[in-house]
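Visitor: Letter by letter, the chains look like this.
Protein chains: 2
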Amino acid sequence: MSKKITIYDIAKKLNLTAATVSRALNNNLKISENTRKLVQETAVEMDYEQNTLARALKSGKSYNVGVIVPRIDSNFFASIIRGIEEELYPKGYHVIICQTHDQEDLETGNINSLLNAQVDGILMSISNAKTKNNIFSNLSQKHIPLIFFDRKKDIDGVSSVTIDDYSGAYEATKHLINQGCKRIAHLSNDRLLEIYKNRYLGYKQAIIDNGLEFDESLVIETRSKVEEGKKTMKILLDMETRPDAVFSSSDFTALGAIQEIKNNGLRIPDDIAVAGFSNEPFTRFMELSITSVDQSPIEMGRIAAQVFLEEVGNDNKIKTKKEVVLTPELIIRKSSRKRI
Amino acid sequence: MSKKITIYDIAKKLNLTAATVSRALNNNLKISENTRKLVQETAVEMDYEQNTLARALKSGKSYNVGVIVPRIDSNFFASIIRGIEEELYPKGYHVIICQTHDQEDLETGNINSLLNAQVDGILMSISNAKTKNNIFSNLSQKHIPLIFFDRKKDIDGVSSVTIDDYSGAYEATKHLINQGCKRIAHLSNDRLLEIYKNRYLGYKQAIIDNGLEFDESLVIETRSKVEEGKKTMKILLDMETRPDAVFSSSDFTALGAIQEIKNNGLRIPDDIAVAGFSNEPFTRFMELSITSVDQSPIEMGRIAAQVFLEEVGNDNKIKTKKEVVLTPELIIRKSSRKRI
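Top line first, the protein sequences correspond to chains A and B. If you're matching positions, the first sequence starts at 1 in the working numbering and goes up one per residue. If you're matching positions, the second sequence starts at 1001 in the working numbering and goes up one per residue.
Bear in mind the hints are in silico, worked out from the structure with no lab data behind them. There may be inaccurate statements among the hints.
To give a feel for the contact side, a few chain A residues facing chain B, derived at Cβ under 8 Å [what the hints assert, rightly or not]:
| # | residue |
| --- | --- |
| 1 | Leu25 |
| 2 | Asn27 |
| 3 | Asn28 |
| 4 | Ile81 |
| 5 | Ile96 |
| 6 | Ile97 |
| 7 | Lys132 |
| 8 | Asn134 |
| 9 | Asp190 |
| 10 | Leu192 |
| 11 | Leu255 |
| 12 | Glu287 |
The beta carbon of each residue, even a glycine, is placed where N, CA and C say it ideally should be.
In isolation and in its complexed conformation, chain A is listed as follows:
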């Protein structure tokens, strides 16, 4: 190998001071984005090898931020991550992602992995309501900011960005009632998680407020998968009096329900109207487009990242818990729009 390249070589080539090069390589915010980019690119070109471990130990920062989501193959979570990246990348941070597949042991393991990776903070949507809190206290002892988005736990000092799931569900259910539906089923999910509990409560309240009878047997807990939606819809169709509408807490189960309804020769929305939740792109792509609740995920990600930046820049020992709640938007499409 040839002579080792130093920051002085880079400084000389770019006609900058060594201090500027060092700051740029360390993502110091005092350096303009253009200079930072130029220096970092030149460092790569010149094959400069930074002692990253030494740098991390010195600055105490890795400029890596960890994001943990239940799954990456949902547009909702992918868009949140996009929002986080859009906000953090210009500030010199890189985003590394872990998924849990809703498995508790993977959640714990991912947090440890990100701690191993020396991240400066963790932004996460929890997978399991039963996850023990001491895994999180580990982070707070190390002064590593933790921010929840979408699926959260209530922990002192831990900020969160969520949407108003209750009102999203309320509006979707009210819309189905306005279309003339009287027997509205609800495909729910693990209600130990706040988001699903609140969607259930919003649905229930809309039924009651509009003078319909609330029938617990029409509420079925399932998982957010197309196949599960099919199976659950089968149960509902086998009932003595079948529902005339379905409000699903997930677009994926809504899609499964739609497939099962069609397989049974019933018409959507005439025989059964369907509404989902999350506004996944496929709900719009389908010929029979699916009514859904948009959760503005990019904005959610951006705000979560902003909260992280505030916390990581805050040397104050007093931690303020911030709870940002966004308003969802009902998008009415063919699967529920009746011509009445």
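Starting from the known structure of chain A, fit chain B onto it as the hints suggest.
Guide: Only chain B this time, still in chain A's reference frame:
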């Protein structure tokens, strides 16, 4: 804070030796998965704080593996990651993911971030054909295995797992010809990337082998986005003699093309038949389901992970370059199946 928990406390509680606990915490493969899990869970429960940095320095391993993909919100890449996780998780590894959004500076930055995070290896699908090789030589100097999947570069000693894009494209095009199509357009992508070059070449050869005229004006380079597919189809429909079929190197552009064809009141497949590439789930969900080429992504991920495990376990200084090529499968659906 209470008394610091040591591995001896954990050993005592579980009636194991301290050595076993230590090995389990360090993901030593000599320890059974059950014991490892039990010890790690107990450690979390007891609030045991491992000095991860010390551990990483001692074992020289972080048991984190980095995966870099152009985007996470495509079922293809998400499934590859799933395959990688399925293979690596039982071996005690955790997977951390970065996405590049096809931006070269993000690609370089992600590699640096993962090096910062002390990963034991990087599995990646490259975003940009122009990425300089010295960013990769950095990895080989540090003896950190690098394995390419799907989108690769030819680098000495770097293994890869890909599919036979040429034959996938050839079969899809031949199928369109068998349906009676004579003027087949091709929505291509950056052909500096091998996968798109090979899809183009497979398409071209199928045209020539079947006695049709190859018309370069029917080949348009675009990006893998629904909106881009729409725009490109608009150009094709405005031609004096419009195509009677489209073979797209991406399902997303195929979907955009379908939307544009429908907007123009033309019938699919009767007026224009369409085939995509990747077998994204939406191709199957659509009422007008889309013909596509399946790339068995989970298998691709699993094999890439197996190659990593071989390389990371290989103390031999001689590196063997492995090139695994999987066979794709054409899935014929409504968008191209004519009743002739």
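Visitor: Give a verdict on every hint.
Guide: Cross-check of the supplied hints:
1. With 8 Å as the threshold, the beta carbon of leucine 25/A stays out of range of chain B, its nearest partner Cβ sitting at about 10 Å, so the hint is violated.
2. Hint on asparagine 27/A is violated. Least Cβ distance to chain B is approximately 10 Å, over the 8 Å limit.
3. Because the closest C-beta pair between asparagine 28/A and chain B is about 16 Å apart, greater than 8 Å, the hint is violated.
4. Among the interface hints, the one on isoleucine 81/A holds; its C-beta lies about 7 Å from the nearest C-beta in chain B, closer than the 8 Å criterion.
5. Contact between isoleucine 96/A and chain B, as hinted, is supported at the beta carbon level, the nearest pair being about 5 Å apart and thus within 8 Å.
6. Hint status for isoleucine 97/A relative to chain B: holds, with the closest Cβ pair at about 4 Å, below 8 Å.
7. Hint status for lysine 132/A: holds, given a least beta-carbon distance of 7 Å to chain B, under 8 Å.
8. The interface hint given for asparagine 134/A holds, since its Cβ lies 5 Å from the closest Cβ of chain B, which is under the 8 Å cut-off.
9. For aspartate 190/A, the interface hint is violated, the least distance from its beta-carbon to any beta-carbon of chain B being 21 Å, above 8 Å.
10. This hint is violated: leucine 192/A has a C-beta 19 Å from the nearest C-beta of chain B, more than the 8 Å allowed.
11. Given the 8 Å rule on beta carbons, the hint for leucine 255/A holds: about 6 Å separates it from the nearest Cβ of chain B.
12. With a least beta-carbon distance of about 4 Å to chain B, the hint placing glutamate 287/A at the interface is held under the 8 Å criterion.
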